[in-house]
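Enquirer: Protein sequence lines, in the order shown, are assigned to chains A and B.
At position 123 of the first sequence the residue is numbered 123 (this note's numbering), and the sequence of numbers has no breaks.
At position 72 of the second sequence the residue is numbered 1072 (this note's numbering), and the sequence of numbers has no breaks.
Treat the hints as calculated values from the structure; they're not laboratory data.
Where a beta carbon is used, it is the ideal one built from N, C-alpha and C, also for glycine.
A few of these clues could be false.
To be verified - To be clear about the criterion: a stretch of chain A counts as covered by chain B if any three or more of its residues have a C-beta under 8 Å from a C-beta of chain B, and this derived list gives those stretches: (1) 12-21; (2) 42-50; (3) 113-120.
To be verified - The list that follows gives simulated cross-link-like pairs (lysine to any residue, SDA-like), each with its CA atoms no further than 25 Å apart: (4) K1100/B with A1089/B; (5) K125/A with V1051/B; (6) K125/A with D5/A; (7) K98/A with L1022/B; (8) K1100/B with S105/A; (9) K1100/B with F1085/B; (10) K125/A with I1052/B; (11) K98/A with M1037/B; (12) K125/A with F60/A; (13) K98/A with W1101/B; (14) K98/A with E1095/B; (15) K98/A with N1092/B; (16) K1100/B with A102/A; (17) K98/A with V111/A; (18) K98/A with M1099/B; (19) K125/A with V17/A; (20) K98/A with W27/A; (21) K125/A with F3/A.
As the list claims (entries may be wrong) - If you want a taste of the chain A side facing chain B, the calculated C-beta under 7 Å gives, among others: (22) A26; (23) L56; (24) G57; (25) V61; (26) V68; (27) L94; (28) A102; (29) V129; (30) Q145; (31) A160; (32) G163.
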Amino acid sequence: MTFGDWISEPTNWAFLVMAIPLVLAAWRVVTSRNVVHAALSLVFALAALAGLFILLGAEFVAWVLVLVYIGAVIVLFLFGIMITRAPIGMEAELSHNKRWPAALSALAIFVTTSWLSVDAFGTTKIVDVGVPTSTEIIGRSLLGQFVLPFEAVGFLLLAALIGGVTLARRDDTPADEEAREATADAEAKT
Amino acid sequence: MIVSQFLVLASLLFSLGVYGLLVRRNAVTVLLAVELMLAGVNLNFIAFESVIRDSLASGQVFTIFVLTIAAAEVGIGLGIVLLIFRNRATGNVDELDLMKW
Chain A
1 MTFGDWISEP TNWAFLVMAI PLVLAAWRVV TSRNVVHAAL SLVFALAALA GLFILLGAEF
61 VAWVLVLVYI GAVIVLFLFG IMITRAPIGM EAELSHNKRW PAALSALAIF VTTSWLSVDA
121 FGTTKIVDVG VPTSTEIIGR SLLGQFVLPF EAVGFLLLAA LIGGVTLARR DDTPADEEAR
181 EATADAEAKT
Chain B
1001 MIVSQFLVLA SLLFSLGVYG LLVRRNAVTV LLAVELMLAG VNLNFIAFES VIRDSLASGQ
1061 VFTIFVLTIA AAEVGIGLGI VLLIFRNRAT GNVDELDLMK W
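Isolated chain A, as found in the complex:
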C-alpha cells in the first residue's frame, strides 16, 4: 500500500484534518509557557480526539468525552490555575531546563510503541468506517457483562467525592484551636 493509495481515500483526509490539529494542540499543551494557554490547548486537542472517535464509530464515547472533559475537567483545571497562581500570564519557569533527557525518553517510548504496533498490525484495514456502535449495545454491555466494574467505578467516584470534600475543608490550625479553647474557658469562668 503506497502513500498515493492511502491519500486517495476520502476518510484519510478526514483523519488528517483532525489528527494534525490534535498533534499541534498536544504539543502546545506540553510546551506552552502560559498555563491558561496549555489548558485551552487541551480543550482543542480533546475536541479533535472526539472527532476521531466519531470517525471510528464511537459516537457515544465521543460525546461523553466532550461533556466530561471539555465540560467539567477543564473547568476544574481552570479553577485550579486560578487558585494556585494569582499572576496569570507568561511564566518562564513553568518547565525546568533539563529537556533533553525528557525528550529522549519520550522519543524512545514513541519509537518502541509505534514500531511494535506497525510491525504487529501493518496494513490491517478498518472495514466498516463510520458505522456507529449503537448506544443500546454499550448500555446493555455496561449493565450486563460489565456490571461489577461499573459498580466499582461508581464506588470510586463516591470515594473521590468524599476525598475531595475532606481535602478542601479548611482545618483549624493549632493557633486557632488554642484561641477557641481560650474563649471557651473565659466563657466558662464568667
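Assemble chain B onto chain A, guided by the hints.
Expert: Just chain B now, kept in the frame of chain A:
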C-alpha cells in the same frame, strides 16, 4: 483507513504526555500532561474496537471506565495541589522536597 495510523497517533500523544510529565515543574501542568497520556490510551482502545467490533463493545466500555477514573484522578489531584499550595505557597513539584533524603 488502516488501524496503524491510529496506533501511531495514539503513541505520539502518549509520548508527548510523557515529555510534558518529565519536563514540567508546575503541578497543574503535570496533571495536564497526564490527561494527554490518558487520551492516547483512549484512542488506542477505540481504534482496536473499530477493528474487532465485538458484540459487547468492550473497547468503548473500557474507554468510559478510563474517562471516569481520569475524572476522579483530576479531582483528587487538584485537591492535593490546592492543599499543598495553601500550606507551602508553591505549586512547583521540584520545590516539594520534604520527603527527599
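Enquirer: Confirm or reject each hint.
Expert: Hints and how they fare:
Using a Cβ-Cβ cut-off of 8 Å, 3 residues of the segment 12-21 of chain A lie near chain B, which meets the minimum of three, so the contact claim holds. Only when three residues or more bring their CB closer than 8 Å to a CB of chain B does the claim for the segment 42-50 of chain A stand; here the count is 4, and the claim holds. Under a criterion of three residues with beta carbons nearer than 8 Å to beta carbons of chain B, the stated coverage of the segment 113-120 of chain A is upheld, 4 such residues being counted. The suggested pairing of K1100/B with A1089/B holds, with an alpha-carbon distance near 19 Å, which does not exceed 25 Å.
Using a Cα cut-off of 25 Å, the hinted pair K125/A and V1051/B holds, with the two alpha carbons roughly 8 Å apart. Proposed proximity of K125/A and D5/A is supported: the alpha carbons are some 13 Å apart, at most 25 Å. For a cut-off of 25 Å, the pair hint linking K98/A to L1022/B stands: about 9 Å separates their Cα positions. With a C-alpha separation of about 24 Å, the suggested pair K1100/B and S105/A falls inside the 25 Å cut-off, and the hint holds.
A threshold of 25 Å between alpha carbons decides the hint, and for K1100/B with F1085/B the separation of about 18 Å falls inside it, so the pair holds. For the proposed pair K125/A and I1052/B, the alpha carbon gap of about 11 Å is at most 25 Å, so the pair holds. Taking the CA atoms of K98/A and M1037/B, the gap is about 21 Å. The hint holds against a cut of 25 Å. At roughly 23 Å between alpha-carbon atoms, K125/A and F60/A fall within 25 Å of each other, so this suggested pair holds.
In summary, the hint linking K98/A to W1101/B is supported, as the alpha carbons are separated by about 22 Å, within the 25 Å threshold. Restraint check: the Cα-Cα separation between K98/A and E1095/B comes to about 16 Å, which is no more than 25 Å; the hinted pair holds. Simply put, K98/A and N1092/B have alpha-carbon atoms about 15 Å apart, close enough for the 25 Å limit, and the pair holds. This hinted pair checks out: K1100/B and A102/A have alpha carbons roughly 21 Å apart, not beyond 25 Å.
For the hint pairing K98/A with V111/A, the CA-to-CA distance comes to about 21 Å; that is within 25 Å, so the pair holds. For the given pair, K98/A sits about 22 Å from M1099/B by alpha-carbon distance, which is consistent with the 25 Å threshold. Our distance criterion of 25 Å between C-alpha atoms is met by K125/A and V17/A, whose separation comes to about 20 Å. A hinted pair counts as satisfied when its Cα atoms are at most 25 Å apart, and K98/A with W27/A qualifies at roughly 18 Å.
For the given pair, K125/A sits about 15 Å from F3/A by alpha-carbon distance, which is consistent with the 25 Å threshold. The beta carbon of A26/A comes within 5 Å of a beta carbon in chain B, closer than 7 Å, and the hint placing it at the interface holds. For L56/A, the interface hint holds, since its Cβ comes within 7 Å of a Cβ in chain B; the closest pair sits about 4 Å apart. Checking G57/A against chain B by beta carbon gives a least distance of about 6 Å; that is within 7 Å, so the hint holds.
The beta carbon of V61/A is positioned within 7 Å of a beta carbon in chain B (closest approach about 5 Å), and the interface hint is therefore held. For V68/A, the suggested interface contact is upheld, since its CB lies about 6 Å from the closest CB of chain B, less than 7 Å. At about 5 Å, the closest approach between the beta carbon of L94/A and any beta carbon in chain B falls short of 7 Å, and the interface hint on this residue holds. A cut of 7 Å between beta carbons decides the hint on A102/A: the least distance to chain B is about 4 Å, and the hint holds.
Interface restraint check: V129/A against chain B, minimum CB-CB distance 6 Å, threshold 7 Å, status holds. Interface hint at Q145/A: satisfied, since its Cβ lies 5 Å from the closest Cβ of chain B, which is below the 7 Å cut-off. With 7 Å as the threshold, the beta carbon of A160/A comes within range of chain B, its nearest partner Cβ sitting at about 4 Å, so the hint holds. With 7 Å as the threshold, the beta carbon of G163/A comes within range of chain B, its nearest partner Cβ sitting at about 5 Å, so the hint holds.
In terms of the numbered hints stated before, the structure departs from none.
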